[in-house]
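Engineer: Sequence:
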Amino acid sequence: MTDSIRIDELAKERALESLPITEEEQQPIADPELAVILRQLARSHESYGALVWRKFKRSKVAIVGGLIVVGLFVLALFADFFSPYDPVRLNMGDAFTPPTRIHFIDSAGRFHFQPFVYKSVRKLNPDMSSTWVEDTSVRYPIVFFKRGWEYKLFGIFPTNIHLFGAAGDAKIFLLGTDRFGRDIFGRSCMAGRISLTMALFGTLISVLVGAIVGVFSGYYGGAIDNWTQRFVEFVQSFPQLPLWMALAAVIPITWDQFAVFVTMSFIFALLSWTLLAREVRGKVLALRETDFVLAAREMGASDARIMFQHLLPNTFSHIIVVLTLTIPTIILAESFLSFLGIGIQEPLMSWGTLMRDAQTIQTLGFNPWIASSVFFIVAAVLGFNFLGDGLRDAADPYAND
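Here the sequence shown is numbered in UniProt numbering, starting from 1 and rising by one per residue.
Rather than coming from a laboratory, the hints here were simulated on the basis of the structure. Hints are supplied without guarantee of correctness; some may be wrong.
Stated by the list, open to error - Computed beta-carbon distance windows for the label pairs:
# : residue 1 : residue 2 : range
1 : Pro158    : Ile251    : 28 to 36 Å
2 : His112    : Arg54     : 42 to 50 Å
3 : Arg89     : Gln359    : 19 to 27 Å
4 : Leu243    : Val61     : 27 to 35 Å
5 : Phe157    : Trp132    : 35 to 43 Å
6 : Gln114    : Gln309    : 53 to 61 Å
For glycine and all other residues, C-beta sits at the position ideal for the given N, C-alpha and C.
Can you make the complete structure from the sequences, with help from the hints?
Structural biologist: Rendered as structure tokens:
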């Protein structure tokens with residue numbers, strides 16, 4: 001009997017959904033208060049995730065930030081594929097080559113649908129200095145999916161296919177080359193692996209510590225909360241940048257690359273967890289006396305089960321926001337320390353180590369493209385900040401726009 005009633009109800013709902021919408025129903029509602037009430041009633045039947053996504057996708061800035069972040073991760077993940085030349089191979093003949101200009105119109109003024117480049121040649125000036133000029137006698141079309149240097153995709157599949165390259169013996173350097181003739185664009189894509197991975201790893205450690213400390217402090221309260229918050233304030237009293245510099249400077253130079261990477265990640269996470277701990281603690285304080293927590297206690301649930309299965313999931317929106325806002329902070333810190341020579345060292349590549357070549361005014365003045373990797377840093381910081389701002393607003397879908 002019950003099943004037949006449910007079937008009848010489903011049939012009625014589907015019948016109502018199939019009814020055509022009249023012209024009166026399509027007209028906009030004149031009363032703004034009624035429109036707000038009806039919109040809230042419609043949203044009340046949606047899940048929290050659907051409400052968050054609805055509000056997030058209305059923020060164009062957040063969407064742009066998300067696309068930037070995804071683009072940077074794609075460049076880093078497929079860095080070998082996007083790099084037309086081996087990023088670590090030395091070629092002194094191409095040292096300090098300026099960025100290659102891409103043409104659609106040749107020297108005779110004719111338009112070509114296929115983009116092309118001219119070969120760059122070094123010209124000796126009367127004062128014995130040299131400059132790079134284009135040899136416009138021959139056009140070299142840009143070829144996509146060109147075969148080049150050998151690499152292993154994902155470190156497993158051997159291949160030599162690259163996204164683009166110049167036909168013939170011409171070369172294309174989108175961002176120029178450094179003092180050793182290495183392609184800066186390919187090196188910037190490769191360096192993104194270290195910078196982004198270190199930022200993610202350090203942020204995950206920070207989030208893990210901050211979430212655990214925050215949920216313990218907020219759930220137990222009393223003396224535990226008091227002493228925990230005093231410890232958080234003590235950690236926050238340390239100046240971040242000088243402490244990071246001091247800890248990074250004492251890393252032994254004999255350590256292998258993986259040990260340096262992990263140690264640097266822990267150093268960045270050392271002072272970054274306090275903000276999230278306070279956020280989670282405040283949220284847990286507001287939730288620990290709610291009905292679902294009291295019901296879990298009455299059913300005999302342990303404190304650990306209540307904290308990590310009932311309370312902590314309700315703070316995920318805050319955790320995600322803090323995560324997206326902590327990543328750019330670590331990216332900037334790593335770039336700064338590596339630029340000073342006390343962070344990531346060669347042969348590892350990060351955006352900060354690439355910026356180290358631009359330390360002298362003379363080099364930067366004659367070869368400004370050496371600092372091209374700064375655009376990747378700026379893009380990453382802005383992308384994560386835009387994404388974090390959008391997630392912060394979308395985390396409260398019931399707030400008025």
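Engineer: Work down the list of hints and note, for each, if the structure agrees.
Structural biologist: A quick look at each hint next to the structure:
Against the hinted window of 28 to 36 Å, the Cβ-Cβ separation of Pro158 and Ile251 comes to about 34 Å, which satisfies the hint. The hint said 42 to 50 Å for the Cβ distance between His112 and Arg54, and at roughly 46 Å that hint holds. Checked against the hint of 19 to 27 Å, the C-beta distance between Arg89 and Gln359 comes to roughly 23 Å, which is consistent with it. Between Leu243 and Val61 the beta carbon distance is about 33 Å. The supplied range of 27 to 35 Å therefore holds.
Checking the proposed 35 to 43 Å range against Phe157 and Trp132 shows it holds: the Cβ atoms sit about 36 Å from each other. With their beta carbons about 59 Å apart, Gln114 and Gln309 fall inside the hinted range of 53 to 61 Å.
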